[in-house]
Amino acid sequence: MGSLLRNQKARNALLQAVFVGALGSLVIAGALIAQQNMAAQGITSGFDFLFKPTGWEVTFSLLPAKPTDPYWWYFLIGIINTLFLGAFGLVTATIVGTVVGLARTSSNDLARLLGRSYVDVFRNIPLILQVFFWNALITHLPPPREAHEAWGFALTSRGLYVPILNVHGLAFAGAMVALLAAIVLPIWLGRTARLGSPPEQRRPLQLAAAILALACAVLILFLGRLPDTALMNVPALRGLNLQGGLRVPPEFTALVVAIAIYGGSYIAEIVRGGFKAVGRGQVEAANSLGLTPWQVFSRVRLPLALRAMLPILANQYVWLMKATTLGIAVGFADFFMIVALTINHSGQTLEAIGILMAGFLIINLSLAALFNRINKAIALKGNQLRG
Amino acid sequence: MATLAQSPNPDIALRIEGMNKYFGNFHALRNIDLTVTRGEKIVVCGPSGSGKSTMIRCINRLEEHNSGRIVVLGTELNDDVGNIDEIRREVGMVFQHFNLFPHMSVLENCVLAPMLVRKLPRQQAEEMALRFLEKVRIPEQASKYPGQLSGGQQQRVAIARALCMQPQIMLFDEPTSALDPEMISEVLDVMVTLAADGMTMICVTHEMGFARRVADRVIFMDRGEIIEEAPPETFFTASRNERTRQFLSQILNH
Ligand SMILES: Nc1ncnc2c1ncn2[C@@H]1O[C@H](COP(=O)(O)OP(=O)(O)O)[C@@H](O)[C@H]1O
Ligand SMILES: [Mg+2]
Chain A
0 MGSLLRNQKA RNALLQAVFV GALGSLVIAG ALIAQQNMAA QGITSGFDFL FKPTGWEVTF
60 SLLPAKPTDP YWWYFLIGII NTLFLGAFGL VTATIVGTVV GLARTSSNDL ARLLGRSYVD
120 VFRNIPLILQ VFFWNALITH LPPPREAHEA WGFALTSRGL YVPILNVHGL AFAGAMVALL
180 AAIVLPIWLG RTARLGSPPE QRRPLQLAAA ILALACAVLI LFLGRLPDTA LMNVPALRGL
240 NLQGGLRVPP EFTALVVAIA IYGGSYIAEI VRGGFKAVGR GQVEAANSLG LTPWQVFSRV
300 RLPLALRAML PILANQYVWL MKATTLGIAV GFADFFMIVA LTINHSGQTL EAIGILMAGF
360 LIINLSLAAL FNRINKAIAL KGNQLRG
Chain B
0 MATLAQSPNP DIALRIEGMN KYFGNFHALR NIDLTVTRGE KIVVCGPSGS GKSTMIRCIN
60 RLEEHNSGRI VVLGTELNDD VGNIDEIRRE VGMVFQHFNL FPHMSVLENC VLAPMLVRKL
120 PRQQAEEMAL RFLEKVRIPE QASKYPGQLS GGQQQRVAIA RALCMQPQIM LFDEPTSALD
180 PEMISEVLDV MVTLAADGMT MICVTHEMGF ARRVADRVIF MDRGEIIEEA PPETFFTASR
240 NERTRQFLSQ ILNH
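In order, the protein sequences belong to chains A and B. Residue numbers are given in numbering that gives the first Met the number 0: position 94 of the first sequence equals residue 93, and the series is strictly consecutive. Residue numbers are given in numbering that gives the first Met the number 0: position 113 of the second sequence equals residue 112, and the series is strictly consecutive.
Please note that a few of the clues may not be correct.
[Unchecked claim] Between beta-carbon pairs, the in silico distance windows are:
# : chain 1 : residue 1 : chain 2 : residue 2 : range
1 : B       : Pro138    : A       : Lys375    : 57 to 65 angstroms
2 : A       : Arg190    : B       : Pro180    : 51 to 59 angstroms
3 : A       : Ala376    : B       : Leu129    : 51 to 59 angstroms
4 : A       : Leu3      : B       : Leu129    : 49 to 57 angstroms
[Unchecked claim] Taking lysine-lysine pairs in the DSSO-like style, the calculated list, with each CA pair at most 30 angstroms apart, reads:
# : chain 1 : residue 1 : chain 2 : residue 2
5 : A       : Lys375    : B       : Lys134
6 : A       : Lys51     : A       : Lys65
7 : A       : Lys380    : B       : Lys118
8 : B       : Lys143    : A       : Lys275
[To be verified] Partial list, computed: chain B residues near chain A (C-beta under 7 angstroms):
#  : residue
9  : Ala112
10 : Ser142
11 : Gln147
12 : Arg211
13 : Asp215
14 : Phe235
Source of the hints: derived by calculation from the structure; they are not laboratory data. None of these values were measured; they are calculated from a predicted model. Beta carbons are placed, not taken as given, at the ideal position from N, Cα and C, and that holds for glycine.
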């Protein structure tokens with residue numbers, strides 16, 4: 000026994016067993032106490048409520064929704080809304096962060112000053128205040144009948160109006176998938192070892208794949224066109240309101256803008272750190288070989304900086320994903336808000352919160368797993384300490 | 000100076016005239032004059048901080064000189080970006096810490112500049128890269144990554160990478176100082192072969208055996224100045240300069 004305790008592997012296994020055991024008993028004890036409390040209040044615990052109609056409206060949904068739909072459908076709507084908001088938020092925050100971060104590393108004094116001021120200001124104002132600010136700003140814009148319109152876009156107190164294609168929703172989603180394939184397929188074809196030929200000889204194959212995917216996208220859009228309508232659906236003033244186009248509600252716009260600006264200030268620092276981590280020696284070597292500044296950037300600085308910042312960026316993305324729960328502050332029907340409404344209407348507090356936590360856990364663990372895979376795939380090979 | 004611009008001597012690879020370099024208020028290089036003819040091998044030595052690196056880094060504009068002239072292969076080094084690019088294409092450099100691109104395989108390291116700068120097709124660039132990797136005696140490592148090689152192997156890859164641009168002048172900044180003792184000779188051997196092929200070389204190094212074997216001239220620098228310039232035998236055995244003798248006794252008796 001004594002020698003077993005001195006064995007490093009045995010000791011680690013034992014420690015883990017003790018930890019898991021303690022955690023397990025804690026969870027079981029909590030569940031038992033909760034069940035007793037709920038029974039005392041006359042609430043039946045369990046997940047049967049998931050299949051009952053909700054009886055209330057949801058304010059924003061990408062899927063068809065009506066009050067007779069069951070709770071599980073509403074939860075799905077909430078998760079999709081959260082993912083939708085998160086996707087827009089993360090992409091825009093990354094764009095803002097990249098621009099500001101590059102400004103902070105530039106050799107231009109003014110760009111550096113502007114970048115620094117940006118980070119100092121927006122990183123130090125709490126996100127919830129920024130959400131309120133943008134929401135207030137948008138809801139105080141002129142109403143639709145006085146809205147300023149440009150290129151079919153209109154920003155009004157009722158939200159942002161954007162022109163859309165007159166196609167079926169499913170067809171649009173399908174076309175988006177095809178467009179994504181047009182980007183991903185050529186990259187995959189250029190990297191996979193499964194094809195026998197060397198990667199350089201796959202140019203025609205990559206080109207063909209891209210063109211095929213693009214053609215698919217156009218075909219899907221064409222087939223999914225709504226009959227007897229113009230191709231573009233542009234918002235236009237009819238009476239007191241704007242008709243046509245797509246209305247992006249003010250709270251969604253406010254959330255995306257706030258996450259883009261706030262998240263962007265953090266990502267800017269990550270981008271700056273990533274570029275600072277690139278060895279001067281590698282940049283000098285690239286310069287001494289006669290590469291142009293753009294080539295030095297795209298072939299040496301950016302790929303090395305990306306490797307340095309990806310792990311921290313993954314953390315930041317998980318963090319921003321959690322920040323989408325601020326939707327409830329301005330009334331955007333994200334996952335959190337739907338769970339909160341569910342608790343109000345059904346009283347199934349613990350079950351609903353359990354589902355909320357499990358949902359976020361799955362979203363964020365998937366995000367982390369995706370980044371882990373990317374990290375592993377592009378990790379520098381061999382021992383880096385030698386220089 | 001006027002004569003220099005009017006009749007560029009095709010035998011002259013490099014001419015530095017009255018060059019000065021400051022880092023802020025610090026006067027790092029003082030009135031440097033140096034002429035190197037084609038095929039010549041120059042060894043530069045001197046105490047740490049004497050400006051050796053700064054001098055050779057001025058030759059390909061990794062550092063900007065503040066006054067005086069630098070003419071490389073008939074092209075004057077000034078703010079003209081075209082001139083800088085032209086000179087960098089013809090001048091290869093090997094660094095103390097190798098500075099390979101860690102995210103690229105050895106072969107990718109070697110073909111990058113020929114493809115981007117010389118616009119060679121990949122196949123041709125790879126053939127040439129393999130030729131030079133053979134020359135530095137590691138063709139079998141072509142698909143490995145820098146982090147998977149020993150220091151000596153990395154430095155030989157760095158030499159091959161520079162040679163793939165087919166430069167007319169090679170600059171070496173203490174290429175063996177970061178290496179374990181048993182790896183120094185494999186790098187020096189490659190440099191000796193290169194010298195035998197007639198390459199114009201300017202090497203900052205304290206490897207006195209190499210200097211004796213290869214150098215046409217040894218240049219001794221101290222506190223930003225060129226103190227002495229002599230053929231290796233004279234330099235090592237018959238220097239009359241006090242600072243040179245002091246330096247030599249330090250590096251030979253450690
Ligand atoms: N980028 C720099 N900024 C300020 N001082 C520098 C810089 N590079 C070098 N120096 C200074 O210039 C002097 C010469 O440096 P260097 O050329 O590296 O010497 P060596 O290569 O002979 O050891 C040193 O005193 C060093 O501190
Ligand atoms: Mg040095």
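Outcome of the hint check:
1. A C-beta distance of roughly 29 angstroms is found between B/Pro138 and A/Lys375, which places it outside the suggested range of 57 to 65 angstroms.
2. Remark: the range hint 51 to 59 angstroms for A/Arg190 to B/Pro180 is contradicted by a beta-carbon distance near 41 angstroms.
3. The hint said 51 to 59 angstroms for the Cβ distance between A/Ala376 and B/Leu129, and at roughly 27 angstroms that hint is violated.
4. Distance hint check: the CB atoms of A/Leu3 and B/Leu129 are about 55 angstroms apart, consistent with the given range 49 to 57 angstroms.
5. A distance of roughly 34 angstroms separates the Cα atoms of A/Lys375 and B/Lys134; the hinted pair therefore is violated under the 30 angstroms criterion.
6. Under the criterion of a C-alpha separation no larger than 30 angstroms, the hint pairing A/Lys51 with A/Lys65 is consistent with the structure, at around 13 angstroms.
7. Note on A/Lys380 and B/Lys118: the hinted pairing holds, with a Cα-Cα distance of about 28 angstroms set against a maximum of 30 angstroms.
8. Pair hint B/Lys143 plus A/Lys275 holds up; C-alpha atoms about 26 angstroms apart against a cutoff of 30 angstroms.
9. Interface restraint check for B/Ala112: the shortest CB-CB distance to chain A comes to about 4 angstroms, inside 7 angstroms, so the restraint holds.
10. For the restraint placing B/Ser142 at the interface with chain A, the shortest Cβ-Cβ distance is roughly 11 angstroms, beyond the 7 angstroms limit, so the hint is violated.
11. For B/Gln147, the suggested interface contact is upheld, since its CB lies about 4 angstroms from the closest CB of chain A, less than 7 angstroms.
12. Because the beta carbon of B/Arg211 sits about 28 angstroms from the nearest beta carbon in chain A, more than 7 angstroms, this interface hint is broken.
13. Residue-level restraint check for B/Asp215 is violated (minimum Cβ-Cβ distance to chain A is 24 angstroms; threshold 7 angstroms).
14. A distance limit of 7 angstroms between C-beta atoms decides the matter here; for B/Phe235 the minimum to chain A is near 31 angstroms, and the interface restraint is violated.
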